[in-house]
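A.B. asks: In case you want the letters, here they are:
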Amino acid sequence: MTYNRRFPLGSFLVAVVCAALYLIPATVAWGQSNKSTNNNNARTRPIQDFLSTQTNSFPSLAAAWSDPVSDARLGSTMQA
Amino acid sequence: MASGGVSLGTTATGTVVERPLSDGTAEVTVLVHTANAFVYVTDFNLNPLFGNTPPEVAAGAAAGVGKCLLHVVFINSAPGAPLPDLLDVFLSGGTRFIAMSSTATGPLNANFGVSTGTLGFFQMTQTGVLQSHDSGGPRGDFFPAEHINLTVAGQ
Numbered sequence: 005m006t007y008n009r010r011f012p013l014g015s016f017l018v019a020v021v022c023a024a025l026y027l028i029p030a031t032v033a034w035g036q037s038n039k040s041t042n043n044n045n046a047r048t049r050p051i052q053d054f055l056s057t058q059t060n061s062f063p064s065l066a067a068a069w070s071d072p073v074s075d076a077r078l079g080s081t082m083q084a
Numbered sequence: 108m109a110s111g112g113v114s115l116g117t118t119a120t121g122t123v124v125e126r127p128l129s130d131g132t133a134e135v136t137v138l139v140h141t142a143n144a145f146v147y148v149t150d151f152n153l154n155p156l157f158g159n160t161p162p163e164v165a166a167g168a169a170a171g172v173g174k175c176l177l178h179v180v181f182i183n184s185a186p187g188a189p190l191p192d193l194l195d196v197f198l199s200g201g202t203r204f205i206a207m208s209s210t211a212t213g214p215l216n217a218n219f220g221v222s223t224g225t226l227g228f229f230q231m232t233q234t235g236v237l238q239s240h241d242s243g244g245p246r247g248d249f250f251p252a253e254h255i256n257l258t259v260a261g262q
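Those protein sequences? They're chains P and F, same order as listed. Start counting the first sequence at 5; every next residue gets the next number (this note's numbering). Start counting the second sequence at 108; every next residue gets the next number (this note's numbering).
Treat the hints with caution; some may be incorrect.
[Unchecked claim] Per the computed footprint, the stretches of chain F lying under chain P, defined by three or more beta-carbons under 8 Å from a beta-carbon of chain P, are:
1. 116–123
2. 210–224
[Claimed, not checked] Simulated restraints on C-beta separations:
3. P:63 with F:150: 20 to 30 Å
4. P:50 with F:261: 47 to 57 Å
5. F:149 with P:50: 43 to 53 Å
6. F:222 with P:46: 46 to 56 Å
[Unchecked claim] Anything over 12 Å on all C-beta distances counts as not near chain P; from chain F, calculated:
7. 167
8. 190
9. 206
10. 228
For the record, the hints were derived by calculation from the structure and aren't laboratory data. Backbone N, C-alpha and C define an ideal beta-carbon position, used for all residues, glycine too.
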């Protein structure tokens with residue numbers, strides 16, 4: 005009786021362990037595939053790529069950066 | 108200033124970082140620091156409170172001048188694609204995060220309750236967590252942190 009009662013419990017524990025062993029890598033794999041960004045491929049762009057196109061949001065900045073002799077542009081230092 | 112002959116010595120520096128996303132688009136993070144920025148403040152009825160308008164400054168009035176930091180994160184169509192106007196990004200719903208902070212000094216207006224020309228201090232912080240898909244925060248507008256302080260300088 006004791007053996008018969010232990011056997012199902014042991015089988016259950018084995019099943020739980022197997023499920024855990026499966027779920028851990030599966031969850032990790034899902035997490036990797038669900039990542040929205042890849043930091044390794046990030047790159048910088050010149051700030052003027054942004055400033056020069058703000059014709060509606062920041063018209064004075066956009067005008068300054070589209071005008072190569074403007075005061076704002078000449079007074080600026082750029083960082084990529 | 109663009110409206111005529113007055114220079115505030117405004118400068119803009121910053122960085123743009125672009126990260127490709129799995130769907131072919133790109134997440135763009137922009138930081139812009141503006142120094143000697145032109146600043147003026149009105150109430151909801153557009154009555155002036157701080158600084159003067161560009162035409163007034165061009166005519167010789169004192170300007171509100173300060174510094175500003177803009178931090179914005181948005182989705183662009185593809186890595187390397189031209190960066191859009193922020194207004195277009197807002198309208199398209201592509202903005203994930205935006206924050207702006209600014210400080211400035213300049214003349215207060217009588218509408219503020221002091222003599223026009225009294226030196227004032229302006230400080231503003233706006234933080235919008237726009238990528239949130241919940242209720243939008245305590246005010247429902249996705250801006251959990253926002254305040255505008257305008258005081259007489261030194262008080």
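A.B. asks: Each of the hints needs a verdict: does it hold here or not?
C.D. replies: Right, here's what the structure says about each hint:
no.	hint	verdict
1	116–123	holds (count 8)
2	210–224	violated (count 0)
3	P:63 with F:150: 20 to 30 Å	holds (23 Å)
4	P:50 with F:261: 47 to 57 Å	violated (40 Å)
5	F:149 with P:50: 43 to 53 Å	violated (34 Å)
6	F:222 with P:46: 46 to 56 Å	holds (52 Å)
7	167	holds (18 Å)
8	190	violated (5 Å)
9	206	holds (15 Å)
10	228	holds (23 Å)
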